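Chains as they are written, first to last, in the working numbering: chain A, 331 to 436; chain B, 148 to 634; chain C, 6 to 392.
To be clear, the hints were calculated from the coordinates, so they are not data collected in a lab. These numbers were taken from a predicted model, which means no experiment stands behind them. Ideal Cβ positions, reconstructed from N, Cα and C, are used throughout, including at glycine. Incorrect hints may appear among the rest.
Result set (DSS-like, lysine-lysine): computed pairs, CA atoms no more than 25 Å apart in a straight line [claimed, not checked]:
no.: 1; chain 1: B; residue 1: K203; chain 2: A; residue 2: K354
no.: 2; chain 1: B; residue 1: K153; chain 2: C; residue 2: K265
no.: 3; chain 1: B; residue 1: K330; chain 2: B; residue 2: K302
no.: 4; chain 1: B; residue 1: K203; chain 2: A; residue 2: K353
no.: 5; chain 1: C; residue 1: K251; chain 2: C; residue 2: K182
no.: 6; chain 1: C; residue 1: K389; chain 2: C; residue 2: K369
no.: 7; chain 1: B; residue 1: K153; chain 2: C; residue 2: K135
no.: 8; chain 1: A; residue 1: K345; chain 2: B; residue 2: K203
no.: 9; chain 1: C; residue 1: K182; chain 2: B; residue 2: K241
no.: 10; chain 1: C; residue 1: K135; chain 2: C; residue 2: K351
no.: 11; chain 1: C; residue 1: K265; chain 2: C; residue 2: K251
no.: 12; chain 1: C; residue 1: K381; chain 2: C; residue 2: K48
no.: 13; chain 1: B; residue 1: K459; chain 2: B; residue 2: K616
no.: 14; chain 1: C; residue 1: K265; chain 2: C; residue 2: K351
no.: 15; chain 1: B; residue 1: K241; chain 2: B; residue 2: K616
no.: 16; chain 1: C; residue 1: K381; chain 2: C; residue 2: K351
no.: 17; chain 1: B; residue 1: K459; chain 2: B; residue 2: K302
no.: 18; chain 1: C; residue 1: K206; chain 2: C; residue 2: K251
Derived contacts from chain B toward chain A, CB cut-off under 7 Å, selection only [stated by the list, open to error]:
no.: 19; residue: G165
no.: 20; residue: Q186
no.: 21; residue: V202
no.: 22; residue: L234
no.: 23; residue: T235
no.: 24; residue: V238
no.: 25; residue: T600
no.: 26; residue: V602
Short derived list, chain B residues pointing at chain C, Cβ under 7 Å [said to hold, decoys possible]:
no.: 27; residue: Y158
no.: 28; residue: G163
no.: 29; residue: S218
no.: 30; residue: I231
no.: 31; residue: L233
no.: 32; residue: E495
no.: 33; residue: V499
no.: 34; residue: E623
no.: 35; residue: T627
no.: 36; residue: M629
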Amino acid sequence: MPERSTAAELRFSSKVYRLETIKKAAYRLSGRCSFDFAVEDDEIICRLIFREAAAVELVNEIEYALRNEVLDQDLRATIAEETAAVRNAVLAYAFSRTGLQNGEPL
Amino acid sequence: MANRFKTLTDYEAPLGLGYQLLPFNFTRLDGSDYILTNQAGEYAVVSRTILEDFVKHRLQPDSEAYRTFKSKHFLIDRDSDVAIDLLTLKVRTKQARFANFTGLHIFVATLRCEHSCPYCQVSRQSDDRVAFDMSVETAEKALDLTFRSPNPAIKIEFQGGEPFLNFDLIKYVVERAKQINAKQNRSLEFVIATNLAVATDEMLMYCKAHDILISTSLDGPRDLHNANRPRPGRDSYEKAIDGISRARAILGRDRVSALMTTTQASLSRVTDIVDEYVRQGFSGIFLRPLQPYGFAIKTKSYRSYSADEWLKFYFDGLDYILQLNRDGVFFAEHYAAIILSKMLTPFETGYVDLRSPAGLGIGAIVYNYNGDVYASDESRMLAEMGDTTFRLGNVHRNTWKEIFTSDALLDALEDSYTGSVPMCSECAFEPFCGADPVFHHATQGDIVGHKPTSVFCQRNMAIFRHLIKLLRRDVETRRTLMSWVRE
Amino acid sequence: MLTLGGESLRFCNIGNRPRFIVKLSDNPELPKPLRDSRGYLSKAPHGVLPSGFSLYVLVGDPQAAEGLVEGRPAIILPDAYRYLGSGDILRVAPHRSGVRVLYRSGSAYNSILLTERCNNYCLMCSQPPKVVDDSWIVDDVLTAIPLIDPATRELGFTGGEPTLLGEDLIKILSACKSWLPQTAVHVLSNGRRFSDTAFTKAYASVAHPDLMVGIPLYSDLSTIHDYVVQADGAFDETVRGILNLKRLGQRVEIRVVVHKQTFERLPQLAEFIARNLCFVDHVALMGLEMTGFTRPNIDALWIDPFDYQPQLYDAVSYLASRRINVSIYNHQLCVLDLRLWRYARKSISDWKNEYMPECDGCLKRQECGGFFSSAKVRYSSHIKAFS
Chain A
331 MPERSTAAEL
341 RFSSKVYRLE
351 TIKKAAYRLS
361 GRCSFDFAVE
371 DDEIICRLIF
381 REAAAVELVN
391 EIEYALRNEV
401 LDQDLRATIA
411 EETAAVRNAV
421 LAYAFSRTGL
431 QNGEPL
Chain B
148 MANRFKTLTD
158 YEAPLGLGYQ
168 LLPFNFTRLD
178 GSDYILTNQA
188 GEYAVVSRTI
198 LEDFVKHRLQ
208 PDSEAYRTFK
218 SKHFLIDRDS
228 DVAIDLLTLK
238 VRTKQARFAN
248 FTGLHIFVAT
258 LRCEHSCPYC
268 QVSRQSDDRV
278 AFDMSVETAE
288 KALDLTFRSP
298 NPAIKIEFQG
308 GEPFLNFDLI
318 KYVVERAKQI
328 NAKQNRSLEF
338 VIATNLAVAT
348 DEMLMYCKAH
358 DILISTSLDG
368 PRDLHNANRP
378 RPGRDSYEKA
388 IDGISRARAI
398 LGRDRVSALM
408 TTTQASLSRV
418 TDIVDEYVRQ
428 GFSGIFLRPL
438 QPYGFAIKTK
448 SYRSYSADEW
458 LKFYFDGLDY
468 ILQLNRDGVF
478 FAEHYAAIIL
488 SKMLTPFETG
498 YVDLRSPAGL
508 GIGAIVYNYN
518 GDVYASDESR
528 MLAEMGDTTF
538 RLGNVHRNTW
548 KEIFTSDALL
558 DALEDSYTGS
568 VPMCSECAFE
578 PFCGADPVFH
588 HATQGDIVGH
598 KPTSVFCQRN
608 MAIFRHLIKL
618 LRRDVETRRT
628 LMSWVRE
Chain C
6 MLTLGGESLR
16 FCNIGNRPRF
26 IVKLSDNPEL
36 PKPLRDSRGY
46 LSKAPHGVLP
56 SGFSLYVLVG
66 DPQAAEGLVE
76 GRPAIILPDA
86 YRYLGSGDIL
96 RVAPHRSGVR
106 VLYRSGSAYN
116 SILLTERCNN
126 YCLMCSQPPK
136 VVDDSWIVDD
146 VLTAIPLIDP
156 ATRELGFTGG
166 EPTLLGEDLI
176 KILSACKSWL
186 PQTAVHVLSN
196 GRRFSDTAFT
206 KAYASVAHPD
216 LMVGIPLYSD
226 LSTIHDYVVQ
236 ADGAFDETVR
246 GILNLKRLGQ
256 RVEIRVVVHK
266 QTFERLPQLA
276 EFIARNLCFV
286 DHVALMGLEM
296 TGFTRPNIDA
306 LWIDPFDYQP
316 QLYDAVSYLA
326 SRRINVSIYN
336 HQLCVLDLRL
346 WRYARKSISD
356 WKNEYMPECD
366 GCLKRQECGG
376 FFSSAKVRYS
386 SHIKAFS
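Between the sequences and the hints, there should be enough to build the whole structure, so can you do that?
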């Protein structure tokens, strides 16, 4: 097993996660390495790419962070879906000249 | 008779029918704690387990987390729906200031200065007034643009170089502004950002007569201040202290404030710097996160420092200031106070450097000595490096409309808006943070900014996390921090 | 505790007249034209009664009083009514031989009941609601207002729920504006009717120069508030009412009665107010009154005020730090956290204000608000005189 690598691979089930979710999670960590994505059958493959060979510990650390971040992004997707309508309504009312009650001018 | 009254359980019945999520963002705070914020900038801190239960609709109505979320408008249930009205009102309140448009108008009276501070990017040691002073014609045009802003409160700030070296221009602008305002009746405020080294008593009396505020520089105790701010005679500190004293005597204590700039040399001296401010009778200090850009500065040699170094400086400073408060001395840190105001009140502050949409143009505008108009002070600094991306026009050649609808400005505002850029739009700290397209353009070549590698993001998140931690540490710390909030 | 009214009193030569309002005067030289609209007030020892008054009110020494009446319409009152003074206004109900003091010119705490009807049913209600048509009260109040001394500093309107009067409340407030332009008016209301924008507009259009409405809010959580006031949906209506009132520039005070059901979340309520309702003009945190519904609900309500000082301090200091005007009513200084003394006000109406035996010799008696008369039933076990 090589001590240092320039790439590592993580797989996620596409039945559980959307590609968008994985990408968003990876974006957050894009300061630490670069990412590449592919879809194969039921899996989303996320490759970590390092400019210089990275120690195993670092790679593990980023993988761990990525998995956690994917979980968080998944939650965010759920929240966004469920609250999109209210979010927009609040903004619309906040910026309008009338209020919620009876459409009366505020 | 007891039958006439229903029980609490009776009134809690609708809660059994489940709840709906209200819009919110979350970010990991530290360890397994997460911070949640809603559109009104209210926050709650819970464990990830609770967060997940909450999102998956498993949270029990009799749990403390449920109650907190209901009270702070993170969820809504069948029992009550006034949450939407209140949320809307709070979001509206937060945005209200923006509608007033440009409030801060910076007039660069001259580039000339007798100091030669290494961290200054603009000043010129010169006697050439024609080349480097703002003319009356330019000032007149700038004033015209100033009063086109619909803001009921206008603040004119004189900067430089050293503005007092062009005192005649200051007098012109002040008197002319008051004349224009006589019919408009807005709230009109004047500030001069000055090193006070060339301020005569006569000039100070003029300031007194016209209600002008003084903002001066005090970088710390004598050795630090003089090392940071060289001038002929090496007596910047003595001049500053003398100036502060005279200004206070003539204008009044609360009309004189001081700012500091952090240099490499300052980093290990935060308690000395705070002590100096306490000694000089200030009731607070602004530990500005103003850090010269990491890239080479054209005219001066300068050693910059990393975000981590500055954060240590800042957190040590906060610790020390909190200790002072515990010892019975009221002393505030103004940058924290601004952020705390965003965290704890429904109001937005007037601070233009930490807001979204960015304060460029719509919050503050800069009229340079030669009439060039810049979206912010940093934009002006950038132009000194040869990058005029954020120069919006010139008072002699462009109309108000051309300046404020220029692509340079609108693109910067729109593209950097944190509510819609990657990472920021989902960040729990977004309501406390701001957009800084100038910084990101200067350091990353991108007005949107790549936040995972952004020093701005790294620094601000560290501060937010730290302040939240302090607010939760103990009741006394929380009270002290709250006492700094002005609104 | 003052006796502000009673029935089956000693009525002479009044017969079956309908209910009427009368203003008292103790001036025997009162100009004749005024006498036929005034009641002459005499307190024992009684002197010769001047002629021409529409009514004679004699307090004390009933035997001597009877002798002086001589066919005049008169009411003879026991000594308990010695507090009466010139300028006071009475409602006289001949069919019950009853008298009710509506207004006392010598008092700073005049509060007029507008109705006993209410659409809440608070666990601790000090004026339990009645389902009754008492609209006749409105006529009495409209009659009395022009008689009230225009120099009166403040006048309160309570109930029941005054907004149930609808248009009549607006009439009463307009009458106050016309007849008593220098008098501050304080209305106590649960605020629910103000969720009706049209009603709030009518209220605002009175444009009274000094009007404030005191509205209770008992929790940051709708379930707890609704439970305390025993009405579903009350929280939402009350909050909407407050928002409407403030939108129309009306002055609003939020009142919170602190007891077992409300003390725990007092800090959260303070934060809720600071975040959502920070534009209110005043917040009053109040002690529990041991009367009305409080008694049957005592187990759900009683907590020694001494025991909730931490929550009270948290709530008050939070509101104060957010620059919201806050006061503490109906709390004794000896049970209050020292740091809260500056917020404590002497708020208990004089007619029901008393002190307990433990207060004898207390040096702070003057500054302290004391107790409600009803507190005799139960009060803090930490009452201690300052020496």
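How the hints compare with the structure:
| no. | hint | verdict |
| --- | --- | --- |
| 1 | B:K203 to A:K354 | 21 Å, holds |
| 2 | B:K153 to C:K265 | 16 Å, holds |
| 3 | B:K330 to B:K302 | 17 Å, holds |
| 4 | B:K203 to A:K353 | 23 Å, holds |
| 5 | C:K251 to C:K182 | 20 Å, holds |
| 6 | C:K389 to C:K369 | 11 Å, holds |
| 7 | B:K153 to C:K135 | 18 Å, holds |
| 8 | A:K345 to B:K203 | 18 Å, holds |
| 9 | C:K182 to B:K241 | 37 Å, violated |
| 10 | C:K135 to C:K351 | 30 Å, violated |
| 11 | C:K265 to C:K251 | 30 Å, violated |
| 12 | C:K381 to C:K48 | 30 Å, violated |
| 13 | B:K459 to B:K616 | 15 Å, holds |
| 14 | C:K265 to C:K351 | 23 Å, holds |
| 15 | B:K241 to B:K616 | 24 Å, holds |
| 16 | C:K381 to C:K351 | 18 Å, holds |
| 17 | B:K459 to B:K302 | 34 Å, violated |
| 18 | C:K206 to C:K251 | 11 Å, holds |
| 19 | G165 | 12 Å, violated |
| 20 | Q186 | 6 Å, holds |
| 21 | V202 | 5 Å, holds |
| 22 | L234 | 5 Å, holds |
| 23 | T235 | 4 Å, holds |
| 24 | V238 | 4 Å, holds |
| 25 | T600 | 4 Å, holds |
| 26 | V602 | 11 Å, violated |
| 27 | Y158 | 4 Å, holds |
| 28 | G163 | 11 Å, violated |
| 29 | S218 | 4 Å, holds |
| 30 | I231 | 11 Å, violated |
| 31 | L233 | 5 Å, holds |
| 32 | E495 | 14 Å, violated |
| 33 | V499 | 23 Å, violated |
| 34 | E623 | 11 Å, violated |
| 35 | T627 | 10 Å, violated |
| 36 | M629 | 5 Å, holds |
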